[in-house]
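Asker: From first to last, the protein sequence lines are chains A and B.
Under the numbering used here, the letters of the first sequence match residues -15 to 598, in that order.
Under the numbering used here, the letters of the second sequence match residues 938 to 1033, in that order.
There could be a bad hint or two in this list.
[As the list claims (entries may be wrong)] Pairs of lysine-lysine residues, derived as DSS-like cross-links and limited to a Cα-Cα distance of at most 25 Å, are as follows:
1. K254/A <-> K1015/B
2. K139/A <-> K88/A
3. K254/A <-> K1010/B
4. K1015/B <-> K978/B
5. K504/A <-> K(-9)/A
6. K1012/B <-> K247/A
7. K247/A <-> K1010/B
8. K978/B <-> K254/A
9. K1006/B <-> K218/A
10. K1012/B <-> K263/A
11. K263/A <-> K1010/B
12. K1006/B <-> K266/A
13. K1010/B <-> K978/B
14. K267/A <-> K1006/B
15. K207/A <-> K504/A
16. K1010/B <-> K218/A
17. K394/A <-> K539/A
18. K1020/B <-> K978/B
[Stated by the list, open to error] Which bits of chain A does chain B cover? Going by a derived footprint, with three or more residues having C-beta under 8 Å, they are:
19. 225 to 236
20. 441 to 453
Keep in mind that the hints were calculated from the coordinates and are not lab data.
Ideal placement from N, C-alpha and C gives every residue a C-beta, glycine not left out.
Given next are the chains, with one letter for each unit.
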Amino acid sequence: MGREYGKILIVDLTDESHRTMQVPQEVLKKFIGGAGLAAYLYTLYATRDVPPLDPASPFIIMTGPLTGTPVLLSGRHGVAGRSPLTGFWGEASVGGHWGRELRKAGLDGMILLGKARRPVYLAIRDGRFEILDAARLWGKDCFETDSLIKEEQGKGVQVCSIGPAGEKMVRFAGVFTDGSHARAAARCGLGALLGSKNVKAIVVRGDGEVPVIDATSLRESAKELAPALTGKLKGMSAFGTPGLVVPCEALGDLPIRNWSRGKWTEGAQKLSGQEMNEKYLKKQFFCAGCPVGCGRTVGGRIDPALEETGGPEYETLAMLGSNCLIDDLPSVIRLNELVNRLGMDSIETGAVIAFAMELFEKGLIGRKELGGLELQWGDADAAETLIRMVAGREGFGDLLAEGLKVAAEKLGKMAYEYAVQANNMALPAHDPRAYASLALTYSTSDHGPSHTSAFSFWFERSLIFPELGLNSVADRFQSEGKAGMVVKAQNVMNLWENLALCKFTFLGGVQLHDVGRWLKDVTGWELSIRDLIDVGERSFNLKRQLNVGWGMSRKNDTLPLRVVTHRLSDGGAGDHLPPFNIMLADYYEDRGWSEEGIPAEKTLKRLGIYLDGH
Amino acid sequence: MDISIEFIGFPILYDIFPEGPSPYACDGNTVTQLLDQLIAKGDKLVRESLLDPGMGLIDPAIQIMINGKFLEKEKFRKRKLDKGDSVTVVRLLAGG
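Chain A on its own, in the form it takes in the complex:
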């Protein structure tokens, strides 16, 4: 056993000073790590009135105590802060290899404060921290940045960086790792926050061991669980998330033509994981500590310039593919590569392109606004041009770079009707008309509409979780019992965020008692199943309370009207619409919140949440 978990590097970019802090044990037992601990640390380092892109707005990177240990699928980390996109709490987690490297370098997280006077990148290696000049990196895309830094610092370093979009503070810019494999912490626009601080990249290289108390026990546990886990996740290994395109279309879950259609069978076939496997798959991509390898590396007959690149995930195939009616897989692969290079969230990017395509179709914008661009549905070349305009904040792209709601309000007329968003953040590519629980998951999420914030639809299709009292698969269209189910799912997924553990472990059969055992082996903490669930609930409510401080209440717990009033009829969701209002009322009760969506005093007291100045 070496050091304890909870060592955080705090960097003041304004005066170029830095120091480390050790998070006290009693705080760690309440939040564990990851996004929950980031939210707690946020309350220590910022006051409520700090705008998202103000120099005083903290940018936080966190691992979890399991990151980089022998625990399977534990190679993740996350970024957090006040979202430049929504103005509320923002977080995004990512796999790859950066998080493990940070822990090997002797750190568990970082908080960046202030603003550098010039473009810089941060380097942590051989126990040394440096702030280095990034003049020659500024303007470079994420892949180029990765390569250039590795030329300077050696191939063994891990790099996370922003692209040109982050530099220009596009409100949905992300933070990318693993070079051309492009693992993206992209939701909530935290790449813009990093860009606002003039930080291009953070580079780490560590030669140390990740501290654990009982490595033998951890390895035994990994050995015991690995066969069932890889067996249950065999589909993910074989097809990756692209394998979802066809089944999601069949269920009416795939967004098509800016969420206006329910059926697109031929198009879905063309974008399928099977098609990708047969024609373009070069190899699987494995995150640190993962035997599954759901990531895709593609190449071949796409574009002469594209030898090998990270393949699009399901979300990207849906948002840049079906949602824009682009059914040519090589084109979507190419657009995905472009978006990754530029450093933007492919969900949000696909959403603004589809929005603009619908505005063009309906005559709300024309070639004049688009600088001569003919923006027709399904036109990948036009989409590419507009993506470049967004990343460069050129012309109409500058407006889209502010997010769907802001753009729609500025455009006026009927534009708002076609902006499929909540609090300025696009809905990800699963439809609340196909899974009723998603209506609650999106509207009440602690960091904007995010399918991964609860993965509630798993419990309506393929998963039970007896430790949470979820003993049978729920009917996907029914409202009864969904509020309680979503509360449980949000709490447990918050726990997973704090652990920085891949959520596919749920599908691999990992249970709370496994997590309890791992935490004991790593940290020595003895946390019961109840304690673990409380950690998730506490984190969720802490973030809600931060959001309440920023003006969030029931008025923000909304969904775009298109997904609550427009029947798809022709697809796998039939005529179903999510019974949103009934579920929301139940949800507030189950959460212990007021009818206005504010956590009650006794709820906060029970969870030990006290916020001053927020």
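Starting from the structure of chain A, add chain B where the hints point.
Answerer: Just chain B, lined up with the frame of chain A:
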């Protein structure tokens, strides 16, 4: 008729049908008849996994591979199964 069957993407069926093909005595001749048999005679978890309760039909997300090749949905009713066929029932619903 003796065939083999494998489920991919059904974590809750793993204890009943572990990884890899399991021998199965199929009463019918077609893919649809095989699915009907699994629903009628299978465990509660098998039924829950194969049916879409909201629609009361076989889950539209289910895909079938026969001897390693995907079968188009419209052929489920007609495709004859032969002795020794390897049927893979695939349902991918993770998301990310």
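Asker: Which numbered conditions among the earlier hints are violated in the structure presented, ordered from lowest to highest?
Answerer: 8
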